[in-house]
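*Asks:* Protein chains in written order, with this note's numbering: chain A, 5 to 526; chain B, 5 to 526.
If you are wondering where the hints come from, they were derived from the structure by calculation, not from laboratory data.
One or more of the hints may lead you astray.
A pair holds if it fits inside one copy or across any two, identical chains being indistinguishable in the list.
Claimed, not checked - Below 25 Å or equal to it, Euclidean Cα-Cα: the simulated SDA-like pairs (lysine to any residue) are: (1) Lys295 <-> Ala235; (2) Lys284 <-> Ala112; (3) Lys295 <-> Asp474; (4) Lys295 <-> Gln141; (5) Lys295 <-> Ala112; (6) Lys295 <-> Ile187; (7) Lys284 <-> Arg515; (8) Lys284 <-> Asp119; (9) Lys295 <-> Arg487; (10) Lys295 <-> Met12; (11) Lys284 <-> Pro344; (12) Lys284 <-> Ala117; (13) Lys284 <-> Thr123; (14) Lys284 <-> Ala194; (15) Lys295 <-> Asn480; (16) Lys295 <-> Glu177; (17) Lys295 <-> Gly208; (18) Lys295 <-> Val349; (19) Lys295 <-> Asp119; (20) Lys295 <-> Ala117; (21) Lys295 <-> Leu191; (22) Lys284 <-> Asp507; (23) Lys295 <-> Glu352.
Computed from a predicted structure; not experimentally measured.
Residue-level listing of the chains:
Protein chains: 2
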Amino acid sequence: MDGGITTMTGAEALVRTLVACGMEACFANPGTSEMHFVSALDRVGGLRCVLGLAEGVVSGAADGYARMAGKPAAILLHCGPGLANALSNLHNARRARSPVVAIVGDHATHHRAWDAPLTADVEGTARPYSDWVRTAQSARTVAADGAAAVQAARTPPGQIATLILPADTAWTEAPGPAEPLPIPSALPPAPAQVETAARILRRGGAEVLLLLGGAALSEAGQRDAFRIAAATGAGVLAQMSNARIPRGRGRFPIERVPYPVDLALERLSRFRASILVGAKHPVAFFAYPGKPSSLLPEGCAVHVLARPDQDAVAALAALADEVATGVPPPAANDGRPADPPRGAVTSEGIAAVLAALLPEGAIVVDEGVTTGRGFFPATHAAAPHDWLQLTGGSIGEGIPLALGAAIACPGRRVVGLQADGSALYTVQGLWSLARERADATIIIFANRRYAILRHELANVGANPGRTALDLLDLGNPDLDWVRIAQGFGVEAAAAADLATLADLLRASFARRGPFLIELAVP
Amino acid sequence: MDGGITTMTGAEALVRTLVACGMEACFANPGTSEMHFVSALDRVGGLRCVLGLAEGVVSGAADGYARMAGKPAAILLHCGPGLANALSNLHNARRARSPVVAIVGDHATHHRAWDAPLTADVEGTARPYSDWVRTAQSARTVAADGAAAVQAARTPPGQIATLILPADTAWTEAPGPAEPLPIPSALPPAPAQVETAARILRRGGAEVLLLLGGAALSEAGQRDAFRIAAATGAGVLAQMSNARIPRGRGRFPIERVPYPVDLALERLSRFRASILVGAKHPVAFFAYPGKPSSLLPEGCAVHVLARPDQDAVAALAALADEVATGVPPPAANDGRPADPPRGAVTSEGIAAVLAALLPEGAIVVDEGVTTGRGFFPATHAAAPHDWLQLTGGSIGEGIPLALGAAIACPGRRVVGLQADGSALYTVQGLWSLARERADATIIIFANRRYAILRHELANVGANPGRTALDLLDLGNPDLDWVRIAQGFGVEAAAAADLATLADLLRASFARRGPFLIELAVP
Chain A
5 MDGGITTMTG
15 AEALVRTLVA
25 CGMEACFANP
35 GTSEMHFVSA
45 LDRVGGLRCV
55 LGLAEGVVSG
65 AADGYARMAG
75 KPAAILLHCG
85 PGLANALSNL
95 HNARRARSPV
105 VAIVGDHATH
115 HRAWDAPLTA
125 DVEGTARPYS
135 DWVRTAQSAR
145 TVAADGAAAV
155 QAARTPPGQI
165 ATLILPADTA
175 WTEAPGPAEP
185 LPIPSALPPA
195 PAQVETAARI
205 LRRGGAEVLL
215 LLGGAALSEA
225 GQRDAFRIAA
235 ATGAGVLAQM
245 SNARIPRGRG
255 RFPIERVPYP
265 VDLALERLSR
275 FRASILVGAK
285 HPVAFFAYPG
295 KPSSLLPEGC
305 AVHVLARPDQ
315 DAVAALAALA
325 DEVATGVPPP
335 AANDGRPADP
345 PRGAVTSEGI
355 AAVLAALLPE
365 GAIVVDEGVT
375 TGRGFFPATH
385 AAAPHDWLQL
395 TGGSIGEGIP
405 LALGAAIACP
415 GRRVVGLQAD
425 GSALYTVQGL
435 WSLARERADA
445 TIIIFANRRY
455 AILRHELANV
465 GANPGRTALD
475 LLDLGNPDLD
485 WVRIAQGFGV
495 EAAAAADLAT
505 LADLLRASFA
515 RRGPFLIELA
525 VP
Chain B
5 MDGGITTMTG
15 AEALVRTLVA
25 CGMEACFANP
35 GTSEMHFVSA
45 LDRVGGLRCV
55 LGLAEGVVSG
65 AADGYARMAG
75 KPAAILLHCG
85 PGLANALSNL
95 HNARRARSPV
105 VAIVGDHATH
115 HRAWDAPLTA
125 DVEGTARPYS
135 DWVRTAQSAR
145 TVAADGAAAV
155 QAARTPPGQI
165 ATLILPADTA
175 WTEAPGPAEP
185 LPIPSALPPA
195 PAQVETAARI
205 LRRGGAEVLL
215 LLGGAALSEA
225 GQRDAFRIAA
235 ATGAGVLAQM
245 SNARIPRGRG
255 RFPIERVPYP
265 VDLALERLSR
275 FRASILVGAK
285 HPVAFFAYPG
295 KPSSLLPEGC
305 AVHVLARPDQ
315 DAVAALAALA
325 DEVATGVPPP
335 AANDGRPADP
345 PRGAVTSEGI
355 AAVLAALLPE
365 GAIVVDEGVT
375 TGRGFFPATH
385 AAAPHDWLQL
395 TGGSIGEGIP
405 LALGAAIACP
415 GRRVVGLQAD
425 GSALYTVQGL
435 WSLARERADA
445 TIIIFANRRY
455 AILRHELANV
465 GANPGRTALD
475 LLDLGNPDLD
485 WVRIAQGFGV
495 EAAAAADLAT
505 LADLLRASFA
515 RRGPFLIELA
525 VP
């Protein structure tokens with residue numbers, strides 16, 4: 005403050021730019037090449053920094069943050085291999101259309117040619133899982149690169165923008181931060197898209213499916229979709245996997261396309277036309293010999309009312325104006341769920357306990373895999389909440405999603421419905437929950453096997469042998485989730501019946517900070 | 005056995021081919037698209053299957069296996085994101101020049117166009133970290149693809165071969181297994197390479213560095229290198245990071261290029277010429293402002309006696325014939341280390357305890373990072389053992405390396421020297437150690453911070469603030485490694501002084517199976 009010339013590094017110019025662009029959170033697992041960025045964080049302020057002990061925690065948390073905050077977090081990663089460890093959950097984030105700004109530190113530009121041990125093809129690593137990739141070329145331009153990365157991430161419907169930051173572009177003196185760039189809005193639906201949808205509905209509403217995804221699943225989107233359905237007899241479904249669905253009392257009893265192929269085919273068999281609203285053509289999660297890839301019946305017409313980059317809410321409103329003027333939405337979810345049941349653990353019982361006890365404003369992170377598939381019908385009348393699913397199918401995102409959601413929404417309780425096999429991929433995230441004192445209750449569905457694969461193996465061969473079964477079995481030795489959680493600094497307890505589950509949930513909801521429940525499920 | 009026509013799937017033909025090619029181990033984290041492969045494992049037999057709870061465990065274990073078995077293991081991964089999770093340790097394996105055959109299950113070919121949630125660019129994911137990539141096109145050819153993958157992996161000096169296996173190429177009927185393909189030998193060194201090295205040594209031996217890497221560090225290679233040094237006055241060093249160094253009594257007191265740049269520059273400052281034997285030009289691990297990338301003094305000539313794909317042992321033997329005929333090797337490491345010291349934990353004290361207690365034939369897996377750098381001088385006279393380092397600089401490979409080494413070498417004790425921050429990336433590997441009853445003792449150096457980054461941060465800025473320090477700190481909450489290990493099924497205990505460390509080491513060496521020691525280090 006002596007009136008002299010202030011100088012700053014490229015890293016500081018970049019951090020100041022990110023803050024100026026409205027970024028507020030940074031999930032990080034840094035290394036040596038990121039130390040100038042880390043050092044700049046203190047000088048600038050304004051970014052809440054959350055350390056993840058493994059990169060999958062970092063990228064999954066950014067996904068959860070973006071889904072709940074409606075804007076991107078930054079993630080900070082170390083070189084090509086550090087980015088590689090984050091890709092799986094970047095894949096999931098991309099399938100959720102979550103905006104993420106990934107900053108990947110790398111060797112100084114002049115050091116690359118020497119092929120030091122950590123040298124890797126960082127752009128090549130980023131490209132299959134990013135919508136936008138740029139390597140900063142100098143400290144003069146790195147701040148502008150940062151502004152461009154934020155713009156790219158926030159371009160509807162949300163993108164993965166990866167900015168590679170060679171160490172010298174971070175440590176060299178820079179002219180200063182860059183101006184934020186304008187953020188594009190979602191494109192309006194074309195009138196013809198709306199008119200065609202209206203014509204299809206007028207021709208045979210009961211045979212038409214309105215398939216919702218993305219922003220179409222917002223409260224406003226659901227309300228108009230259910231109005232359209234009430235007026236025309238059309239069916240309404242959400243996609244199989246969704247980034248975020250507002251649910252519970254006062255919302256609508258939306259259901260999803262089922263995961264098991266045969267069930268999905270049956271569920272969709274009555275439709276002659278499908279109107280996609282921010283959703284994709286429904287397809288089988290995996291292919292199976294002799295079964296179709298498309299879940300729509302043969303000959304079913306497909307019409308796109310709103311692409312993911314279009315304004316699905318406006319499209320539904322315009323369509324409702326065409327076909328449902330004056331029609332009120334059907335009755336919203338109402339009534340109060342029964343008291344939580346007691347007794348042996350069943351899928352229905354868990355759902356009933358959740359329905360009774362979910363606190364208002366809860367954020368449910370559902371990576372329950374086999375255990376959680378049937379939870380929707382029983383929880384329609386739970387207190388209002390948001391339901392987040394694994395969108396990209398790469399298991400190992402539940403705990404990180406819970407972390408990111410908790411950072412985005414202080415004061416709301418996060419409830420993780422967590423398959424044990426899936427939880428193991430990013431179990432390190434428990435420590436970040438503890439450090440951040442995240443209000444997150446994680447229920448581990450401990451069935452001690454990759455149950456979904458046991459089903460799939462049964463589909464494949466007659467009598468699976470010992471080798472195959474061992475590869476799908478999480479026993480021998482059994483995992484002790486209570487000790488694991490405590491080892492990472494998270495209080496934990498085990499439950500083997502519904503009454504204990506309910507007691508532990510009530511207790512965890514009544515206090516701050518994280519809690520883990522190891523629930524033995526059959 | 006009824007004389008009828010036997011049929012088999014593409015998966016079974018592939019597994020039979022891998023076994024025919026001499027493969028004996030498969031580290032796996034499978035998903036739905038790999039179920040036909042998994043199912044075939046039982047029908048075929050011959051591949052020991054080891055489940056990893058996260059893909060980094062799988063690829064790191066394959067690296068450890070290859071280093072000790074001298075041949076590749078197969079790894080089995082699920083789709084692009086599953087491969088992505090394995091890339092970091094494939095990077096390390098590649099830098100170790102370990103052969104690995106990666107089998108990546110993917111969607112059926114006809115399902116790809118539907119862009120199901122797990123669809124990703126698998127070839128694009130593989131390419132930056134593989135030397136050979138192929139996507140199987142049909143069940144008719146998949147067995148031949150497997151034979152080609154093994155050949156590629158075993159092509160000197162060892163490669164990462166990635167075979168992508170669309171589900172329909174695995175489940176469709178196949179004509180049968182393929183014949184193994186010939187495995188190329190390492191190329192002989194050209195006479196001119198040897199003659200030039202001899203000329204350089206004759207001109208000024210004391211100013212010449214013999215820098216060894218790969219097979220040059222075998223017992224035979226070291227012996228000839230030390231003979232050449234004895235005859236010419238040349239210096240001998242191993243690279244900074246090495247896949248495997250035979251050490252201890254009866255071997256030679258080889259030292260490595262130091263990690264800290266200033267130390268390395270000083271150590272190499274006297275050399276006017278450097279002869280690379282299976283080694284690369286020595287470079288700084290990271291670049292720093294104002295410091296050079298190359299660790300050799302300016303003007304230092306560089307001559308390649310053997311490239312990594314050439315026979316480094318033969319090259320050293322030929323060079324010894326030129327310059328050291330009749331010269332015996334210098335005295336090998338001898339003497340018996342003193343009894344283990346007691347008292348407070350210091351780096352020197354840990355090294356002395358190891359020197360005293362390492363069992364004969366031990367396999368030391370060194371991911372000690374800051375704690376382990378000074379262990380070599382004190383352990384030259386330990387019982388004969390192999391020393392494995394992190395070769396690619398991507399931390400998080402120690403526990404998987406220990407797993408793979410234990411599978412490759414039953415009956416030998418694996419001793420993991422493991423930094424706490426690094427151990428966290430693949431902590432799930434503890435469970436595989438327990439399940440496989442691996443004879444592995446893991447010493448966690450619990451300094452509760454990313455100590456290496458604290459050093460680097462200090463280099464970068466004057467007064468690091470709270471945000472920066474928090475990002476490098478593993479406390480708040482402290483990790484409880486004993487509980488974490490027990491949670492994964494591994495017995496464990498804590499030590500805070502050298503006497504307890506020695507007692508726990510002795511006890512663990514006297515029994516079968518894994519054990520973890522949480523050692524509080526300053």
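*Asks:* Would you mind marking each hint as holding or not holding in the structure?
*Replies:* Do the hints match the structure? See the list:
no., hint, verdict
1, Lys295 <-> Ala235, "neither (35 Å within a copy, 73 Å between copies)"
2, Lys284 <-> Ala112, "between (42 Å within a copy, 19 Å between copies)"
3, Lys295 <-> Asp474, "neither (28 Å within a copy, 52 Å between copies)"
4, Lys295 <-> Gln141, "between (50 Å within a copy, 20 Å between copies)"
5, Lys295 <-> Ala112, "between (52 Å within a copy, 12 Å between copies)"
6, Lys295 <-> Ile187, "neither (43 Å within a copy, 41 Å between copies)"
7, Lys284 <-> Arg515, "neither (40 Å within a copy, 57 Å between copies)"
8, Lys284 <-> Asp119, "between (43 Å within a copy, 9 Å between copies)"
9, Lys295 <-> Arg487, "neither (43 Å within a copy, 46 Å between copies)"
10, Lys295 <-> Met12, "between (60 Å within a copy, 21 Å between copies)"
11, Lys284 <-> Pro344, "neither (37 Å within a copy, 66 Å between copies)"
12, Lys284 <-> Ala117, "between (43 Å within a copy, 13 Å between copies)"
13, Lys284 <-> Thr123, "between (38 Å within a copy, 14 Å between copies)"
14, Lys284 <-> Ala194, "within (18 Å within a copy, 60 Å between copies)"
15, Lys295 <-> Asn480, "neither (35 Å within a copy, 52 Å between copies)"
16, Lys295 <-> Glu177, "between (60 Å within a copy, 17 Å between copies)"
17, Lys295 <-> Gly208, "neither (28 Å within a copy, 74 Å between copies)"
18, Lys295 <-> Val349, "neither (33 Å within a copy, 63 Å between copies)"
19, Lys295 <-> Asp119, "between (48 Å within a copy, 16 Å between copies)"
20, Lys295 <-> Ala117, "between (50 Å within a copy, 15 Å between copies)"
21, Lys295 <-> Leu191, "neither (36 Å within a copy, 51 Å between copies)"
22, Lys284 <-> Asp507, "neither (41 Å within a copy, 62 Å between copies)"
23, Lys295 <-> Glu352, "neither (29 Å within a copy, 64 Å between copies)"
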